[in-house]
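S.K.: Keeping the supplied structure of chain H fixed, place chain F upon it in accordance with the hints.
Each chain, letter by letter, is given below.
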Amino acid sequence: MAGSRSPFKNPFLKGFDERLPILRAVHHSMTAHAYPKNLNYWWNFGSIAGIMLLVMIVTGLFLAMHYKPSVQEDTYGINQAFRSVEHIMRDVKGGMFLRYMHSVGASFFFIAVIFHMFRGLYYGSYKAPREVLWILGCVILILMMGIAFLGYSLVWGVMSFAAAEVITQVFTAIPILGDDILILLRGGEDVDDALLNRFFALHFLLPFVLAGVVILHILTLQTVGSNNPLGIDLKSKKDTVSFHPYYTFKDIFGLALFFTIYLAVVAWAPERLAEAINNQPTDYNLPSHIVPEWYLLPFYAILKVFTWDLNLFGLVITGKQLGALAMAGSLGVLFMMPWLDTSPVRSGRFRPVFKFFFWGFVLCCLILALVGAQTSGEAFFIPTPFGRLPLGIDAGNGFVWGSTQQWGVLFTGYYFAYFIVILPVLGLFEKPKQLPASISEPVLA
Amino acid sequence: MKTLSAAAALSTVAAAPAISEAAGPIDSQTWSFTGPLGYYDEGQLQHGLYVYQTRCQACHSLGLVRFSSLTGLDVSEDAVKALASTYEIPYINDDGDRDVRPGVLNDTFPWALGNPKRAIATYGKAPPDLSTMARSRIGGADYVYALLTGYDDAHEQPEGAYYNKVMKVISMPNPWPADMSDFEYPNGTRPSLEQQARDVTAFLNWAADPYLEERHQWGIIVVLYMLALTVISFLAYRVVAAKVYAKLDAEGGPDPEH
Chain H
1 MAGSRSPFKN PFLKGFDERL PILRAVHHSM TAHAYPKNLN YWWNFGSIAG
51 IMLLVMIVTG LFLAMHYKPS VQEDTYGINQ AFRSVEHIMR DVKGGMFLRY
101 MHSVGASFFF IAVIFHMFRG LYYGSYKAPR EVLWILGCVI LILMMGIAFL
151 GYSLVWGVMS FAAAEVITQV FTAIPILGDD ILILLRGGED VDDALLNRFF
201 ALHFLLPFVL AGVVILHILT LQTVGSNNPL GIDLKSKKDT VSFHPYYTFK
251 DIFGLALFFT IYLAVVAWAP ERLAEAINNQ PTDYNLPSHI VPEWYLLPFY
301 AILKVFTWDL NLFGLVITGK QLGALAMAGS LGVLFMMPWL DTSPVRSGRF
351 RPVFKFFFWG FVLCCLILAL VGAQTSGEAF FIPTPFGRLP LGIDAGNGFV
401 WGSTQQWGVL FTGYYFAYFI VILPVLGLFE KPKQLPASIS EPVLA
Chain F
1001 MKTLSAAAAL STVAAAPAIS EAAGPIDSQT WSFTGPLGYY DEGQLQHGLY
1051 VYQTRCQACH SLGLVRFSSL TGLDVSEDAV KALASTYEIP YINDDGDRDV
1101 RPGVLNDTFP WALGNPKRAI ATYGKAPPDL STMARSRIGG ADYVYALLTG
1151 YDDAHEQPEG AYYNKVMKVI SMPNPWPADM SDFEYPNGTR PSLEQQARDV
1201 TAFLNWAADP YLEERHQWGI IVVLYMLALT VISFLAYRVV AAKVYAKLDA
1251 EGGPDPEH
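Taken in order, these protein sequences are the chains called H and F. So that you can map any letter, position 33 of the first sequence is 33 in this note's numbering, and since no number is skipped, the others follow by simple counting. So that you can map any letter, position 223 of the second sequence is 1223 in this note's numbering, and since no number is skipped, the others follow by simple counting.
Derived from the structure by calculation, the hints contain no laboratory data. Incorrect hints may appear among the rest.
To spell it out: a stretch of chain F is covered by chain H in this simulated footprint if at least three of its residues, at any positions, have a beta carbon under 8 Å from a beta carbon of chain H; those stretches are [as the list claims (entries may be wrong)]:
| # | segment |
| --- | --- |
| 1 | 1054 to 1064 |
| 2 | 1113 to 1121 |
| 3 | 1210 to 1220 |
| 4 | 1246 to 1253 |
Positions of the beta carbon are idealized from the N, C-alpha and C atoms, including for glycine.
Looking at chain H on its own, in the form it has when it is part of the complex (with noise of 0.2 Å):
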C-alpha cells in the first residue's frame, strides 16, 4: 500500500516517516488512490459520520470527568446521576455547551449514518466487492444504536429507566438463558444501582470499539475503492481523481454546512429532539407512554407491533418473542443485504422499478417511526404543522381505517418484505437501463 520511497521533503517528515512509515501510508491514500470523479453529495455523509464519532468521543470525555453513576438520593429526592448531569450544565464551566453539543451530537451521529445508509441503499453500495464494507457498517449501526441507549439512560431520569426497564426486558423473550441474561445486564433482579454503573462503563468502552469498527470500515474502503452514483466500475484514469485536494475540499464544505444546522439546533432548540419528561429525576415508576428517542423509533416500533402469539403446530411463540425476533431480524436482515439484491447493476438511477420500492421503503421507515412514537391501541395520524392529519378512524365499536397497532404491522410487513421478497424477485425480473461505458463517457444512444 505504501510506497517504499518516502513522498516528504520536510527533512522532519522525511526523517519521521522512514522510521515509522504511516505518514506515507496517509499521503498515498490522499494523492495516489483513485476515486471515482463523480461522487455527489450524498457522498459527504461518510466523512461528516466520522467527524460526529470524534465530537461524541471528544465531548464524551470531558463529560465523563464530570458525572456520577450513582442513583443515590439526596435530601430533594434528587439522584447524584441526574444530579451530576445538571452540575455540568450549571455549574461547569462550558458544560451547557458540552453537554448539549453530546445530547444533540448523537441526533446529529445518527442524522449523518442515516443518509449515508440510504445512500448505500440506493446506489447499490453493498454488492460484491463491497459486501465486507456494508456488513461492518451494520455492525456500525448497531453498536450505534446500543451506546445511545445507554448513553440515555445514565441521565437517570424519567425516560432513562423506562428505556432500561423496557429493552433489558427484552432479553426475557430469549428461551432458557432470557432470565440469566436479565440480570447479567442489570447486575441484579432491579434496575438499580449496578445496572447504572455498568453502563456507565459500556458507554465509556464501546465507542472505542466503534471507533475501531469505523477505521476497518476505512480500511476496506480503501482497498475495494469507493462505489458511485453510476455504479459501474473504474475503468481509466480519466474516471478517477485523489481525494485531495478535490474530496478534502468538498468535504469541508459539507462538514461546515452540516454543523451550522447542528451548532444551530444546540444554541436555539437543544432539547426539540429529545423527550421533556427526561428532564425529571426518575421516581421509578414508568410513565404510560414510553417513547425512545427518536432514531429508534422504527425499531421499536417493530418491537412492539405484535400483540397476539403465534401458535405453530404445539410450539407457542409468544407476542413479547414475536416483537424480540422481529425486531433482531430487522438489524439482521441488513447484514443480508448483498445476497438478497439480485440484481446484477449496482445503481439505482438505472433501475426503475427498483426506484418505486425503495422510495417506499423510505416511506416505511418514516411511517414505522411515527408508529413508534404513538399509542398502539389509538387511532394513527400524521403530525403536520397544522394540526393532525388522522390516518385512522375509530368507529367506537373498532377502528375503520386502522389503529397505529395495525399501520404499524402492515409497515413491518413492508419492511421484511422489500428485503426478502421484493429486492430477490425484483432482480430477476426487471430490466434495468442501459448503463454507460464507463463514468466519463455518456449513456451510448
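M.R.: What follows is chain F alone, placed relative to chain H:
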C-alpha cells in the same frame, strides 16, 4: 430508595399525575425568552422569585438552583447574601447533632418539607422539585403557565384531589388564594393572578435553563461564523474543482489499478 418507589407506586392515580394523565389543550403564550434572540426580563424574574417564595416554596424546592445564581436576576451580591441567610439549611453541627444554619451563596433553595419521606408522610405524594420543571413537560413554559392558570375550584373532585384544565385530576392544591386584593410586589404594584402566573413561569423557566441568553448569544456568533465558513469553503471547493477538472481533462487521475 426501594421503599420510596414502593410507596410512590402504592399511592393512587395521583402518583406522577403529570406523566400519566393526558394533558389538556395548552395555549402558546408570548415570552421574552423564546425565539433566536430570546432573553430574560430581569424585572419579571425578580417578581417571579417573589411569587415563588410566596406561593410555591412552602411545598416545593429548587434543589438544583444555587442562591449565587440569583445574581443573574440583576440582584446585587449583598442582596442575594441577605436573601440566602433568611433560609434555614439543615446540617450536622460540630457536636454531631442535627441543626440548622443560615443559608450561604453556595447553597441551593432548601425544601421546607425536608425530604421525600416526610413529604409523602405529610401529603401522600412528594411535591416535585421545580428546578427542571419548565423543561420537563411538553410545551415547557406554556405548559407551566396553563397549569397554574387552569384551576377551577367549583369543579367536583374526589377527596384530596383538585380540578385543573391541564390535568383533570391533580393532587397539587390551587396555589392562588380566593382573595389576593391586598397582595403586592415589593415595588408596590398589585399583579393579577395571570400576571403572577406569568412571572413565576418566567422565573421557573430561568431556573430550568439559566444559561439560555448565553446560549442564544453564542448561537448567533457561532452560526454566523459557520455560515461564513460554509460560503468560503464552497467557493474554495469551486475554485479547487475547476483546477482539478482542467487537470483531469489533460492527464486524467490516478490509475484505477493502483
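S.K.: Which hint numbers does the structure go against, in order from smallest to largest?
M.R.: Violated hints: none; all satisfied.
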